[in-house]
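Using the sequences and the hints, build the whole thing.
Protein chains in written order, with our numbering: chain F, 8 to 230; chain P, 8 to 230.
Source of the hints: derived by calculation from the structure; they are not laboratory data.
Hints are supplied without guarantee of correctness; some may be wrong.
Identical copies carry no separate label here, and so any pair may be met within one copy or between two of them.
To be verified - Capping the alpha-carbon separation at 30 Å, the derived lysine-lysine pairs in DSSO-like fashion look like this: (1) 49 - 115; (2) 125 - 115; (3) 143 - 169; (4) 143 - 49; (5) 59 - 178; (6) 120 - 169; (7) 59 - 115; (8) 125 - 37; (9) 115 - 200; (10) 23 - 178; (11) 115 - 37; (12) 178 - 49; (13) 23 - 115.
There are 2 protein chains.
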Amino acid sequence: MPSPFVTRVKLALAFKGLSFEDVEEDLRSKSELLLVSNPVHKKVPVLIHNGKPICESLVILEYIDEAFSGTGPSLLPADPHHRAVARFWAAYIHEQVVAQFVQSIRGKTEEDKAEGIKQTFAAMETLEGALRDCSKGEGLFFGGGSVGLVDVLLGSLLSWLKAAEVISGTKYFDPVKTPLLAAWMERFSELAKAALPEVERVLEFSNMLAMAAAAAAAAASEN
Amino acid sequence: MPSPFVTRVKLALAFKGLSFEDVEEDLRSKSELLLVSNPVHKKVPVLIHNGKPICESLVILEYIDEAFSGTGPSLLPADPHHRAVARFWAAYIHEQVVAQFVQSIRGKTEEDKAEGIKQTFAAMETLEGALRDCSKGEGLFFGGGSVGLVDVLLGSLLSWLKAAEVISGTKYFDPVKTPLLAAWMERFSELAKAALPEVERVLEFSNMLAMAAAAAAAAASEN
Numbered sequence: 008m009p010s011p012f013v014t015r016v017k018l019a020l021a022f023k024g025l026s027f028e029d030v031e032e033d034l035r036s037k038s039e040l041l042l043v044s045n046p047v048h049k050k051v052p053v054l055i056h057n058g059k060p061i062c063e064s065l066v067i068l069e070y071i072d073e074a075f076s077g078t079g080p081s082l083l084p085a086d087p088h089h090r091a092v093a094r095f096w097a098a099y100i101h102e103q104v105v106a107q108f109v110q111s112i113r114g115k116t117e118e119d120k121a122e123g124i125k126q127t128f129a130a131m132e133t134l135e136g137a138l139r140d141c142s143k144g145e146g147l148f149f150g151g152g153s154v155g156l157v158d159v160l161l162g163s164l165l166s167w168l169k170a171a172e173v174i175s176g177t178k179y180f181d182p183v184k185t186p187l188l189a190a191w192m193e194r195f196s197e198l199a200k201a202a203l204p205e206v207e208r209v210l211e212f213s214n215m216l217a218m219a220a221a222a223a224a225a226a227a228s229e230n
Numbered sequence: 008m009p010s011p012f013v014t015r016v017k018l019a020l021a022f023k024g025l026s027f028e029d030v031e032e033d034l035r036s037k038s039e040l041l042l043v044s045n046p047v048h049k050k051v052p053v054l055i056h057n058g059k060p061i062c063e064s065l066v067i068l069e070y071i072d073e074a075f076s077g078t079g080p081s082l083l084p085a086d087p088h089h090r091a092v093a094r095f096w097a098a099y100i101h102e103q104v105v106a107q108f109v110q111s112i113r114g115k116t117e118e119d120k121a122e123g124i125k126q127t128f129a130a131m132e133t134l135e136g137a138l139r140d141c142s143k144g145e146g147l148f149f150g151g152g153s154v155g156l157v158d159v160l161l162g163s164l165l166s167w168l169k170a171a172e173v174i175s176g177t178k179y180f181d182p183v184k185t186p187l188l189a190a191w192m193e194r195f196s197e198l199a200k201a202a203l204p205e206v207e208r209v210l211e212f213s214n215m216l217a218m219a220a221a222a223a224a225a226a227a228s229e230n
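Printed below as a string of C-alpha cells:
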C-alpha cells in the first residue's frame, strides 16, 4: 500500500542502510499479526524488531534513530536545539500539512477541496522558509548536508503530491515562489527513488478508493 | 492561563527541578514576543532558553529532557524500546485523548458531548492497561518508579478532568474499572500540586469562555 506513513519508515530504514522484511497488509481484512502488534490503533506501519512491535510512524522514526545509532547517518542532529527545530517541522508536517493535503483530496465539497489546496500551497511557502534556515550553508536538505527527519516526513508525501496534481489538474506549489523547495523535490525524488511509491501506483490506489466510495454511496442510496 | 499544554511544560520543569520565569500571555491580544517566538502557530507554550525559542509542548518536553540531561530525573527512560513505548502513549494522549476530551466539553450537540465522554471513558480503560504494563513491579507511575513523559501528558489534563466532571455532573472514569489509574490520579495530584492549575481556576476560565461564546452568538444573532 502506498501509504505515506509506511513510506516514512521505509525511507528512514533505507537512509540508515538497514534491511527489513516488507510484510504487506490488506486493510480490508487485517491480519492477526497487525491486531496483536497494534491493538490500540490497528494501523500500519508497525516495525517489529527483536520480536517487539513499535507503532506510530513518528515513534518508529525516533526508535530507528536511537536503536541503530551506530548504523548509518542519524535522522536527528546531535545538538538539542537543532533536534527541537527538526521535531517542530516534523510535527508541523505530521499534524498540519497532512490534514490540509487530505482536505484538498477528500474535502466534502469543491470549496473544501479548494481551501485544502490553498492551505497546502501556503504551507509550501512556510516550508521554503524552513528549508532556507535548516539548510544554511550546505543548503541541500532540511537535515543540512544530508537527509534528516523533516526530509523523510515531507518526502513521504511527494508521490501523493504529484498524484494529486494529476487528479486535480492544479499545482500544489509554485517553483518561482519556492525555488529551494522545488530543487529539493527533484533532489530528494532522485535520491529516494527506490523507497518512494510510484506516482502511477498512488493514482491506481486513489482510483480504487474513489470507486469503493462511489460503490458504497450507490449501495447506500439503494436502501 | 490554565492551558494543559502550558501545564505540561511547567510539570516537566518542576520534576527536573529547573527554575523559570513564567510570562503570562493574553491570547486576546498576543504579545510581540509570542508572535516573534512562534510565528508559525502563534500559540503558547513557548520555552525561551539561551535566547532561543522552542515551540510546541511535546517538542519542548523532549528538549527539556535532552538539554538538561544532567539535571534531575529523566522524563524518558534510557532503553530505545521503553522510550518508544512512552512516546506511543504520549502521542495517544496528545492526538486522541485530548480531542475526545475537548469533544466532551465543546461538542456541538448534547449527543456529540455524550460521545466525547464515552470515548474518554474508554480511553481511561486503555490507559489503565498501559499503566499496568508501564509500572510493572514498581507500580507507581507510567514512568515506572518515578514520573515520566506519559505522567506529565496525562497529569496536565487532571484539573480539566475534575472541572469537566463538575460542569457535566458526569464521571469521566470509574475507580472500580480503573483502580490503578484512580490511585495514580491521587498520587500524581498530590505530588504535582504546585504545578497543576486549581480546579476552581479552570472552572472560572471555562465560565469566561462560555460567556464569551454566548456573547458572540448573541451579537451574531443581532445582525
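Verification of the hints:
no. : hint      : result
1   : 49 - 115  : both (26 Å within a copy, 28 Å between copies)
2   : 125 - 115 : both (15 Å within a copy, 27 Å between copies)
3   : 143 - 169 : within (27 Å within a copy, 48 Å between copies)
4   : 143 - 49  : between (40 Å within a copy, 24 Å between copies)
5   : 59 - 178  : neither (42 Å within a copy, 36 Å between copies)
6   : 120 - 169 : within (16 Å within a copy, 39 Å between copies)
7   : 59 - 115  : neither (39 Å within a copy, 41 Å between copies)
8   : 125 - 37  : between (35 Å within a copy, 26 Å between copies)
9   : 115 - 200 : neither (33 Å within a copy, 46 Å between copies)
10  : 23 - 178  : neither (32 Å within a copy, 48 Å between copies)
11  : 115 - 37  : within (27 Å within a copy, 34 Å between copies)
12  : 178 - 49  : between (34 Å within a copy, 28 Å between copies)
13  : 23 - 115  : neither (40 Å within a copy, 47 Å between copies)
In terms of the numbered hints stated before, the structure departs from hints 5, 7, 9, 10, 13, listed from lowest to highest.
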